[in-house]
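Student: What follows is each chain in one-letter form.
Protein chains: 2
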Amino acid sequence: MLPYSTFITIDKKEKMPIFLQIANKTIENIKKGIIPKGTKLLGSRAMALSLGVHRKTILAAYDELMAQGWIETQASKGTFVSQNIPEIKPVSWHNNALSETPKTKTGFEFPKNAVLNKPILRGSSMLGFDDGFPDVRLAPTDALARAYRSVLKKGYQKHTLFYGDTKGEFSLREATRDYLNESRGLHIATDNVMITRGSMMAIYLATQTILNVGDRVVVGKIGYSSGNLVFKNRGVELLYVDIDENGLNVEQIAQLCLEKPIKMVYVTPHHHYPTTVTMSAERRMHLLQLAQKQQFCILEDDYDYDFHYSSSPILPLASVDTEGVVVYIGSLCKTISPAIRIGYVVAPSDLIDEMGYLRRIIDRQGDNILESAMAELFKEGEIKRHLKKSQRTYHKRRDVFCDMLQSALGHVIDFKKPNGGMAVWAKFDPSVSLPFLSEKALLKGLKINNGSTYNPDGVLLNATRLGFASINESEIEQGIGILKNLI
Amino acid sequence: MLPYSTFITIDKKEKMPIFLQIANKTIENIKKGIIPKGTKLLGSRAMALSLGVHRKTILAAYDELMAQGWIETQASKGTFVSQNIPEIKPVSWHNNALSETPKTKTGFEFPKNAVLNKPILRGSSMLGFDDGFPDVRLAPTDALARAYRSVLKKGYQKHTLFYGDTKGEFSLREATRDYLNESRGLHIATDNVMITRGSMMAIYLATQTILNVGDRVVVGKIGYSSGNLVFKNRGVELLYVDIDENGLNVEQIAQLCLEKPIKMVYVTPHHHYPTTVTMSAERRMHLLQLAQKQQFCILEDDYDYDFHYSSSPILPLASVDTEGVVVYIGSLCKTISPAIRIGYVVAPSDLIDEMGYLRRIIDRQGDNILESAMAELFKEGEIKRHLKKSQRTYHKRRDVFCDMLQSALGHVIDFKKPNGGMAVWAKFDPSVSLPFLSEKALLKGLKINNGSTYNPDGVLLNATRLGFASINESEIEQGIGILKNLI
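Line by line, the protein sequences give chains A and B.
For the first sequence, the working numbering begins at 1 and goes up steadily by one.
For the second sequence, the working numbering begins at 1001 and goes up steadily by one.
None of these hints come from the bench; they were simulated from the model.
Since the structure is predicted, the reported quantities are computational estimates derived from the model, not experimental observations.
Any given hint could be a false lead.
Below, computed lysine-lysine pairings styled on DSS-like, alpha-carbon distance capped at 25 Å [to be verified]:
(1) K384/A with K1013/B
(2) K153/A with K1037/B
(3) K379/A with K1015/B
(4) K396/A with K1013/B
(5) K154/A with K1112/B
(6) K15/A with K1025/B
(7) K1031/B with K396/A
(8) K40/A with K1379/B
(9) K232/A with K1232/B
(10) K384/A with K1384/B
(11) K293/A with K1056/B
(12) K153/A with K1013/B
(13) K379/A with K1012/B
(14) K1293/B with K105/A
(15) K1154/B with K15/A
(16) K1031/B with K384/A
(17) K1384/B with K25/A
(18) K1154/B with K112/A
(19) K37/A with K1417/B
(20) K1025/B with K379/A
(21) K1396/B with K13/A
(22) K1293/B with K389/A
(23) K1396/B with K379/A
(24) K1417/B with K389/A
(25) K1037/B with K389/A
(26) K77/A with K1015/B
(27) K1154/B with K13/A
(28) K32/A with K1025/B
(29) K25/A with K1105/B
(30) K1417/B with K1447/B
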């Protein structure tokens, strides 16, 4: 008899189930030839005794080995290691020597898209005042793990694990519908909602379905550069209008319409990105009337509606759009975690259908499992709870941050305490070079944006967003201390 | 004292943690006015006694209520319901009556993309011979739930929950690299791999980065209609070549090159989709030489490499491509579950970089959490285990299916037992109208494709794929019984 207990070792501290450990060790030893082909294995009782485990564990291990084809039973004779062990060696159809070097150069020409060729942000655990991101340390990861588990446990696996609707998991579309109707004064049906992978995909889908090459699109002179990349990649003509303390200059948009029709205005009215100013009610009304009259699309990106502090939030343009000219987008990436890529686009259903057709060829559909899990978290009230907690936390951080910033750097920074959102728009005195400051800060262990992503073409604003939401009060203090010492 | 235990009820069978149940019930009662603003709450000890729970549970509930702003502590006085309860009512900036009717019609013109306007497949629990999908009942959902949990528990949450690499989670790119090098004879580095959301997104990214409007792209006359949608949407010229028992006719491709350069050939050499034929070694070599000489891209879609039965699998074109002309794609959607949208594209790193730039504006990045979880499953051997089990299961199902199909319907169906994959390509005798049969079968509770998606423009093949992998042996018997009775 083979000394099974010496080469089938079990580690009870491992998280892998014991039956799998036994099966894996057995396979390993069959492969090495230690347990030869055709060997008769011990019966389950004897093997259980030999390895010191329950007989059911051995039965499970044998089932696993059988399913994988490593062992087979012969009626009334017992269990044997298969004669044909299931290691299939692929055959090469060509005896060329294979290249051993990974390739860096493609063997055919392809267009390099200079528009898109920009540095791409990655996560970093370094201290920093970021662009206005959430503190992922607050993310309800336990609840999310529970929700994943619960979705995967449920009986509707065929439904959840198979092809689904390109517009998103129905339960999450419903939850989003309810959440938006309740919190933003919208009056939408499920057919008006499509789940996307973050606001980014919502902008991409809107751009690809609504715009043609050469169409005229209005954005702020200071604006969202990632959004501009999507528009430029589509080959549209970008028209830039001014931003002042009331937001986007709508009078200038009206003037542009007189020249030639425009097709879309991209706007972040609640807190303009990056300057955080709120668009005035008068401007909103004017923009809406203009869009309805001229029949262009308002792409309303409400990226940080959920965070408002001193005053009550102002309802979005979408809430009073009677003519179907507003396409409204938002996401949970900025409210929970950038990695949880759940966003939405709200529009008349004919446009949502069209986006669904496009989605089919981009990535077929969203992640049913994640979307179902998020729907459960909405249902359980976990999302609202998280938002409320984050809102209070960020509110405090805003106050601490703005106070410290004013007292330590008020003489070289011009900023307004934002009434919402997750970042301050800080204009530096010309005596301080932001690119230079940013370099020096990095050496001291603090990341701040050097402002280049916010500069319109050919203009040096010497201004940046300083995010306060993702860091706690002592980190804020530490970071401002570093900046203070450098100025 | 308020009778807390009568309106703060606890359900120990609920999966929501008890402290959250207590917090939620408290909020509910504050909102209803049952616990008025300013009320002094019981101390934690007294409340614990009153509700019959541990004091730590009450402390956790109070923390939660504090964090959400429902209660506040006053030094040495105790805990009180907040005077300003955190219910923020948004203000409308406009007193227009809001539209109560969901919108179905957009208020501006947008192009309807007739190419994409096709029916979209959804999941169904009805019995059916499908296109060749996996049996999601075999999916390792417990292991996946464990992996999600483990990823969410780990210390590297900042990394996992934040913005990541647009090319995919590094650990999964590495695992995919190893898996492909090991199983398919590739010699690639991590820089040659990008994680995508299924093969669909791999085709989309390749199409958008490599092709320009008007480029010439070769596909099979009988081919993958979803892939063709992506090419057509890009505005390229599609050229169709014949398929015979050796796969794509490469001689015809060589002829097309003589006319005018071609830019891409889309091919499924391992088992041609939909006919399941394997491309011969001679054709493969010819195609590769042609691509290297003419500098066009071979887009090799190896959608079902993992499932091969009677013979050993043949290595992909990518394994002998020394010139960087093959872009190789595959996915786990067909091997585990269509809902787990993990695919990959393998190419020289300059092209992978370009796809990464494009990915940034489509949906920013993949799902870090899912990708990390899949990397764990690779590491634990769970993926290989699953593939091995599925392979054996599908092998048996293929044999049972082909035997039954031959004996019950051999007189009206012409088919070859496929040496791999998950479906049979069945050509029906002209005496049987497939569209009509499909309609009748549906009434009897069996879904089969009426063949329309496989027909080239203007040709009626009267043939369809009959998938055998997603159904067990008794379901196969039942389904074939239905067809037999209808013929």
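Student: Please go over all the hints and tell whether each is borne out by the structure.
Tutor: Hint by hint, here is what the structure shows:
Annotation: proposed proximity of K384/A to K1013/B holds, straight-line Cα distance about 23 Å (limit 25 Å). The suggested pairing of K153/A with K1037/B is violated, with an alpha-carbon distance near 41 Å, which exceeds 25 Å. Using a Cα cut-off of 25 Å, the hinted pair K379/A and K1015/B holds, with the two alpha carbons roughly 13 Å apart. For the hint linking K396/A to K1013/B, the alpha-carbon distance of about 37 Å lies beyond 25 Å, and the restraint is violated.
For a cut-off of 25 Å, the pair hint linking K154/A to K1112/B is broken: about 39 Å separates their Cα positions. Restraint check for K15/A and K1025/B: the C-alpha separation of about 36 Å exceeds 25 Å, so the hint is violated. Distance check on the hinted pair: K1031/B and K396/A sit about 24 Å apart at the alpha-carbon level, within 25 Å; holds. Between K40/A and K1379/B the CA atoms are separated by roughly 30 Å; this puts the pair beyond 25 Å, and the hint is violated.
Restraint check: the Cα-Cα separation between K232/A and K1232/B comes to about 22 Å, which is no more than 25 Å; the hinted pair holds. Restraint check for K384/A and K1384/B: the C-alpha separation of about 40 Å exceeds 25 Å, so the hint is violated. Simply put, K293/A and K1056/B have alpha-carbon atoms about 61 Å apart, too far for the 25 Å limit, and the pair is violated. Distance check on the hinted pair: K153/A and K1013/B sit about 17 Å apart at the alpha-carbon level, within 25 Å; holds.
Between K379/A and K1012/B the alpha-carbon distance is near 19 Å, which keeps this suggested pair within the 25 Å criterion. Of the pairs offered as hints, the one joining K1293/B and K105/A holds, with about 16 Å between alpha carbons and a cut-off of 25 Å not exceeded. A threshold of 25 Å between alpha carbons decides the hint, and for K1154/B with K15/A the separation of about 14 Å falls inside it, so the pair holds. Straight-line distance between C-alpha atoms of K1031/B and K384/A comes to about 15 Å, which keeps the hinted pair within the 25 Å bound.
Restraint check: the Cα-Cα separation between K1384/B and K25/A comes to about 15 Å, which is no more than 25 Å; the hinted pair holds. Between K1154/B and K112/A, the direct Cα distance comes to roughly 39 Å. Violation of the 25 Å bound is thereby established for this hinted pair. The suggested pairing of K37/A with K1417/B is violated, with an alpha-carbon distance near 29 Å, which exceeds 25 Å. At roughly 15 Å between alpha-carbon atoms, K1025/B and K379/A fall within 25 Å of each other, so this suggested pair holds.
A C-alpha spacing of about 37 Å is found between K1396/B and K13/A, which places the hinted pair above 25 Å, so the restraint is violated. With a C-alpha separation of about 62 Å, the suggested pairing of K1293/B with K389/A is violated against the 25 Å cut-off. Pair hint K1396/B plus K379/A does not hold up; C-alpha atoms about 43 Å apart against a cutoff of 25 Å. Proximity of K1417/B to K389/A is assessed by CA-CA distance (about 60 Å); at most 25 Å being required, the pair is judged violated.
The straight-line distance between the Cα atoms of K1037/B and K389/A is roughly 19 Å, inside the 25 Å bound, and the hint therefore holds. Between K77/A and K1015/B, the direct Cα distance comes to roughly 48 Å. Violation of the 25 Å bound is thereby established for this hinted pair. Between the alpha carbons of K1154/B and K13/A the distance comes to roughly 17 Å, so the proposed pair stays at or under 25 Å and holds. Taking the CA atoms of K32/A and K1025/B, the gap is near 60 Å; set against the 25 Å cutoff, the hint is violated.
Between K25/A and K1105/B, the direct Cα distance comes to roughly 62 Å. Violation of the 25 Å bound is thereby established for this hinted pair. Between K1417/B and K1447/B the alpha-carbon distance is near 21 Å, which keeps this suggested pair within the 25 Å criterion.
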